[in-house]
Amino acid sequence: MTRALLDAASTLLGDEPAIEELSTSTFVLEHCDVCGYVRLTGSPRCQHCLSLEAHVVADEGRGSIWSYCVYHRAFDPAFAAALPYNVVLIELDAGPRLISNVLDVEADELAVGARVVASIEEVRPGRFLVYFRLDVEGVQAS
Amino acid sequence: MTSIRGKCAVVGVGTTPQGELPGRSADEIAIDALVLALADSGLGKDDVDGLITCKSYGGFGIDTEIGRLAGLNPRYSATLDYGTCNFSLHLAAMAIATGMATTVALLYGTNQRTAGNRFATPAGSGADSLALHGFHNIAGQGALAFQRHAHLYGTTEEQLGVVAVTERAHARLNPGAIFKEPLSIEDYLAQPYLVEPLRRADVCMISDGGAALIVTSSDRVSAAATRPVYLLGMDQVTGLRQYQNDDNLLRPWVASMAETVFDQAGISRRDVDVLFVQDPVSVWVLQMLELFGYCGPGESGPFVAEGRIGLGGEIPVNTNGGQLSEAYMWGWLHLCEAVRQLRGDCGARQVPGARFAQYCSTKGFEKAATSVLGSEVPT
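Chains as they are written, first to last, in the working numbering: chain A, 1 to 142; chain B, 1001 to 1379.
Only chain A is shown next, with the shape it has when bound in the complex:
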């Protein structure tokens, strides 16, 4: 599933840059300089206090699965080779929530509340997306 999922994203990305891509293989969040609210990258203003002042901070990308599902149909043909594949909603320990996939996981290992950690994958040369893996160490760390 894993390689096929990355290939699907690569196909969709094509040669056009997309705003949600990372420019490096480091997982980052934005911290508001005024109120400290933590947000995903891509929003020009703080969604709490509307300040423009913020700085980018590297984050471990640890969190928990809020919920998960498994696609058995490819609504976009690019994902046909990846079936069945999971989609998860992650709640990061740092606060923000995002939709992604858990890589290299058996179906019965997915669970609400399972600990995960971000895994930045280079889906095309120089093009990085945020995926997750089960966080075996994080069970202790959290």
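By construction, these hints were calculated from the structure, which means they are not laboratory data. As the structure is a prediction and not an experimental result, all values here were calculated from the model. From the three backbone atoms N, C-alpha and C, an ideal C-beta is built for every residue, glycine too. Fair warning: there could be bad hints in the mix.
[Said to hold, decoys possible] With the C-beta cut set under 8 Å, the calculated list includes, among others, these residues of chain A facing chain B: (1) A8; (2) A9; (3) C49; (4) W66; (5) S67; (6) Y68; (7) V70; (8) Y71; (9) N101; (10) L103; (11) V112.
[Unchecked claim] A partial selection of chain B residues facing chain A, derived with a Cβ cut-off under 10 Å: (12) D1128; (13) S1129; (14) F1135; (15) L1144; (16) R1148; (17) V1195; (18) S1218; (19) G1347.
[To be verified] Computed list of lysine to any residue pairs in SDA-like fashion (alpha-carbon distance at most 25 Å, straight line): (20) B:K1007 / B:Q1236; (21) B:K1367 / A:C49; (22) B:K1055 / B:P1074; (23) B:K1367 / A:R39; (24) B:K1180 / B:P1017; (25) B:K1007 / B:V1221; (26) B:K1367 / A:E91; (27) B:K1367 / B:V1221; (28) B:K1367 / A:G95; (29) B:K1367 / A:E137; (30) B:K1367 / A:P96; (31) B:K1367 / A:H48; (32) B:K1007 / B:L1069; (33) B:K1367 / A:A58; (34) B:K1367 / A:S43; (35) B:K1367 / A:G42; (36) B:K1007 / B:S1375; (37) B:K1367 / A:R45; (38) B:K1367 / A:Q47; (39) B:K1367 / A:H55; (40) B:K1045 / B:L1069.
Knowing the structure of chain A, use the given hints to seat chain B on it.
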């Protein structure tokens, strides 16, 4: 808040055949529905001084184009991006209450089945990112929401399946419904997963069709040929911050409307005879039953499994068959059915003596609306 109770009424409904309507544009279909609604109401085109259209797949449904095609010069017109008929009805009520219009036509038409909508759009805002992770179709959000509910409360797939099975049973009594083959819970459980834990029967199909309603001020209802169905209460709420909200896929913010809409309507939830829930995914029915207090938090699984949402049950839901079995019309047919139930026009699927109905609808996981309608106005 100024009460809207009894200020306006639905005096005409029109619904076209649903399913596949090849050779008809979305706007033509919408106007077909308008013609039917006007005929139902006994009012003429010249009585309409307000027009509220609803955008539909392919860029159709714009008031300026529909006005041109239908030869209408209403005083007031508007286009809603996502009407679900509930937001549309509320806008009509506001236009009437403020004197900007007296008789408003609401309409929606779509040819998305014939036009080839494959429903492969990403499931929510921030579309690019979601598409890259294969998060397509509203079934994805529905599956996440149900999985969470199952985790929190032990809700089972068999309980969820009762929603689709019940709506199918209702559709079999509705001559206008598309899906009328019998569907048992065994049939449901035998279906393969679409987006696990959801099956095909949990998700609406794509269809063509049109619907229209005529809403007029209460002092004009005597001009219409039909028994008026009054708007008693209406409310809206948003969760526009989306995933910034805790548990957003469970829509906790919707519950605030349960405290407002019944007060406004002058009835209690227990007075509601028939409930309509816009249901692109079956899971929405479970959510609304809980959020509006028909059952307690987390109790919707056992509640539906006990047969309470079927005809003859405690609170019949989506007697038209809903979007899962009647047709996919962004909730418009639900409001048409509510009006017909309160008029007593529903034949084999009529809820005996129905006086009050509630309709709950949503725009993705970002907005929600509810209306309470009645065949009479409580004092």
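Taking only the CA atoms, is the gap from B:K1007 to B:L1069 under or equal to 25 Å?
-> Cα-Cα ~30 Å, so violated.
Identify whether the interface hint at A:Y68 stands, where standing means a beta carbon of chain B within less than 8 Å of its own.
-> holds, 6 Å
Have a go at the B:S1218 hint: is there a Cβ in chain A nearer than 10 Å to its own Cβ?
-> violated, 43 Å
Chain A contact restraint for B:D1128 - C-beta distance below 10 Å = This interface hint holds because 5 Å falls under the 10 Å limit.
Using Cβ atoms only, decide whether A:V70 comes closer than 8 Å to chain B, and label the hint accordingly.
-> Since the shortest Cβ distance to chain B is 4 Å, the answer is holds.
Holds or violated: is the Cβ of A:N101 closer than 8 Å to a Cβ in chain B?
-> The hint holds - A:N101 has a Cβ within 8 Å of chain B, the shortest such distance being about 5 Å.
Once the shortest beta carbon distance from A:V112 to chain B is found, is it less than 8 Å?
-> holds, 4 Å
Does A:A9 pass the interface hint, meaning its C-beta sits closer than 8 Å to a C-beta of chain B?
-> holds, 4 Å
Does A:C49 lie within 25 Å of B:K1367 when you go C-alpha to C-alpha?
-> Satisfied, since the Cα-Cα distance of roughly 22 Å is no more than 25 Å.
Proposed proximity, B:L1069 with B:K1045 (alpha carbon, max 25 Å) | Cα-Cα ~13 Å, so holds.
B:K1367 paired with A:H48 [C-alpha distance capped at 25 Å] | holds, 20 Å
Do the alpha carbons of B:K1367 and A:A58 lie within 25 Å of each other, as the hint requires?
-> violated, 34 Å
Violated hints, listed in ascending order, are 3, 10, 18, 19, 27, 29, 32, 33, 39; each of the other numbered hints is respected by the structure.
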